[in-house]
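*Asks:* Spelled out, the chains give:
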Amino acid sequence: MATSLFKRNRRRFEEETAEAPAAEAAETTESDTNSDNEFINILTEMGLSAEQAQAVYQMAQDLAKEGSGEKVEASRMRRARMSAMRRRMAGRGTRERFSSQGREARAERFERRERPARSRFARSERMARPERSNFSSEIISRQRATIAELRSQLKEFGAQPAAQRMSSQRQAPQAPVIPAAGSIQERVFEAMKNFGK
Amino acid sequence: MSYPVNRFRRRNFDVSVAANTYAGELALPIMSAALKSNDTIAKNFVRVMDGIHHKAVIQTLNANDTIQAAGCDYADGEDLTLSERVLTLIDLKVNETICRKTIYPTWQGTATSRAASNLMTQEFVNYTLQLTAAKTAENLETLLWQGSAVFTKGFLCNDGTALASLTKAKVDASAVGGYTGVDITAITNANAIAQFNLVYTTAATSKPAILNKPNLAFYVSNKTYALYCQQLAGLGAGNANSLLGINNLATAQSFNNVTFMGIKINVCPGMYDDFIMLTYEDNLIVGTNLGTDLNEVRWIPAYEYDGSDNVKIVMQMAVGVQTVTPADIVLGFTLFT
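Sequence lines, in order, name chains D and A. Numbering-wise (my numbering), the first sequence opens with residue 1276 and increments by one. Numbering-wise (my numbering), the second sequence opens with residue 46 and increments by one.
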């Protein structure tokens, strides 16, 4: 009885889910076309020609697409950051902090930290997070571009930090300063006390 | 309640590191204090050259009048003379044994912190090293001026002979050999001014050029300086101007930064009494091997190995003295004739 009810419900759910997106898509397209026409009509009424109105509409669409793309990217980044923070914060409640479980969790975290990053996640897990690696590579490439730009600016000013090689020679050790005042013993004590300060 | 063993904190290495050897850079603070805390070096009475491995060549360029009449051909004036003086370091060492039982209560008395255990803390190690370094510095002060059998040539003698048996030959064989000499009598609080004046007069007549040198100074021992100050205070006979001494204050005045004819007096405890030397500070050089890997300090806890209650302190270093232009040194002493 229970099985047949389950099967019936499942079938109904599958039918609904199969129909819903198609209808939704049709509705969206229809409403989109209407609003587009309305927008173009308004523009032509304002005095623009049909071609000009079409061009303006196209520009507005492009801008909206780009804006929404950035929004998605930013929200994804924010979500990734928040989830990472949540993961870090997890298990740090007052109760857990003092319980033996909390200690174990901390020890586990510590162990994980000790392991190299590559072995921290399985390969499949790493592959399942392509968006994270994309973000980091984007950030890195952006930073590289900034550095290259700054370097070119510095070059124009005559300063070329990359061209100046750091000396590989070790700096000569600094001898302690021997004070002239006091007895010999006082000088020795002072010199050794103040060395390296 | 049980605490899990953190396996990442447990590290067992098969290497035991002794923390009681200070070589090269680590020896620098201790060796510097040992070699440079004496009056002659700490007060910059001499020029110090560090980082010498064994020998250093000090080059001097003497020039006569280089200007000549103009002509079409090149005519070498041959007025410049390049000469050199070699400063050779003498390898020295300090080997001292200190009984913990003897020194520990002294250290406890002077240390401000209260130690509850009998462990040899780093402070105690430093204290014993400092004591030894201070005694080494005191000893080196004498060696610099008088030399010794092991140090050989000092500024005023080549073998550390006492003043009573010192000869002119030994002074001539010292680092100041080639000096401009003047005979003075044994210095008292009645004739100190006159003896200073003899040396000054010799400089003015024979070596007037040095009177314009920067850092020109008289070099005297504690005794000579004290006798000079006494005479300045009017205590000795012969102060014809006033028995109340300079400033008419007799002995009720301090004698800081005393000069003779405006030339400062450097008091070097290692100098012989009855010697007055006039030269500039850059003319006297002390060389050391500080800053090289050749000096070393060891603090050996012998009590751990031989059943004694001793710690042993070892210092390895090298020091030497030399003068740049000996003729620019006016030396007054009683053995001159």
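Calculated directly from the structure, the hints in this document are not laboratory data. It is possible that part of the hints are untrue.
[What the hints assert, rightly or not] Here are the simulated DSSO-like cross-link-like pairs (lysine-lysine), alpha carbons at most 30 angstroms apart as the crow flies:
no., chain 1, residue 1, chain 2, residue 2
1, A, K100, A, K88
2, A, K252, D, K1468
3, A, K100, A, K213
4, A, K146, A, K180
5, A, K215, A, K146
6, A, K357, D, K1468
7, A, K215, D, K1468
8, A, K88, A, K215
9, D, K1468, A, K88
10, A, K252, A, K180
11, A, K213, A, K357
12, D, K1468, A, K146
13, A, K146, A, K100
14, A, K252, A, K215
15, A, K100, A, K215
*Asks:* Give a verdict on every hint.
*Replies:* Against the structure, the hints come out as follows:
For the proposed pair K100 of chain A and K88 of chain A, the alpha carbon gap of about 25 angstroms is at most 30 angstroms, so the pair holds. For the hint linking K252 of chain A to K1468 of chain D, the alpha-carbon distance of about 44 angstroms lies beyond 30 angstroms, and the restraint is violated. For the given pair, K100 of chain A sits about 27 angstroms from K213 of chain A by alpha-carbon distance, which is consistent with the 30 angstroms threshold. Distance check on the hinted pair: K146 of chain A and K180 of chain A sit about 20 angstroms apart at the alpha-carbon level, within 30 angstroms; holds.
As the CA atoms of K215 of chain A and K146 of chain A are separated by approximately 44 angstroms, the hinted pair breaks the 30 angstroms bound. As the CA atoms of K357 of chain A and K1468 of chain D are separated by approximately 22 angstroms, the hinted pair is consistent with the 30 angstroms bound. As the CA atoms of K215 of chain A and K1468 of chain D are separated by approximately 40 angstroms, the hinted pair breaks the 30 angstroms bound. Between K88 of chain A and K215 of chain A the alpha-carbon distance is near 27 angstroms, which keeps this suggested pair within the 30 angstroms criterion.
Among the hinted pairs, K1468 of chain D with K88 of chain A is consistent with the structure: their alpha-carbon atoms are about 19 angstroms apart, no more than 30 angstroms. With a CA separation close to 38 angstroms, the supplied pair K252 of chain A and K180 of chain A exceeds the 30 angstroms bound. A distance of roughly 40 angstroms separates the Cα atoms of K213 of chain A and K357 of chain A; the hinted pair therefore is violated under the 30 angstroms criterion. A hinted pair counts as satisfied when its Cα atoms are at most 30 angstroms apart, and K1468 of chain D with K146 of chain A qualifies at roughly 25 angstroms.
A distance of roughly 42 angstroms separates the Cα atoms of K146 of chain A and K100 of chain A; the hinted pair therefore is violated under the 30 angstroms criterion. With a C-alpha separation of about 23 angstroms, the suggested pairing of K252 of chain A with K215 of chain A holds against the 30 angstroms cut-off. Between K100 of chain A and K215 of chain A, the direct Cα distance comes to roughly 23 angstroms. Compliance with the 30 angstroms bound is thereby established for this hinted pair.
The structure shown violates the earlier hints numbered 2, 5, 7, 10, 11 and 13.
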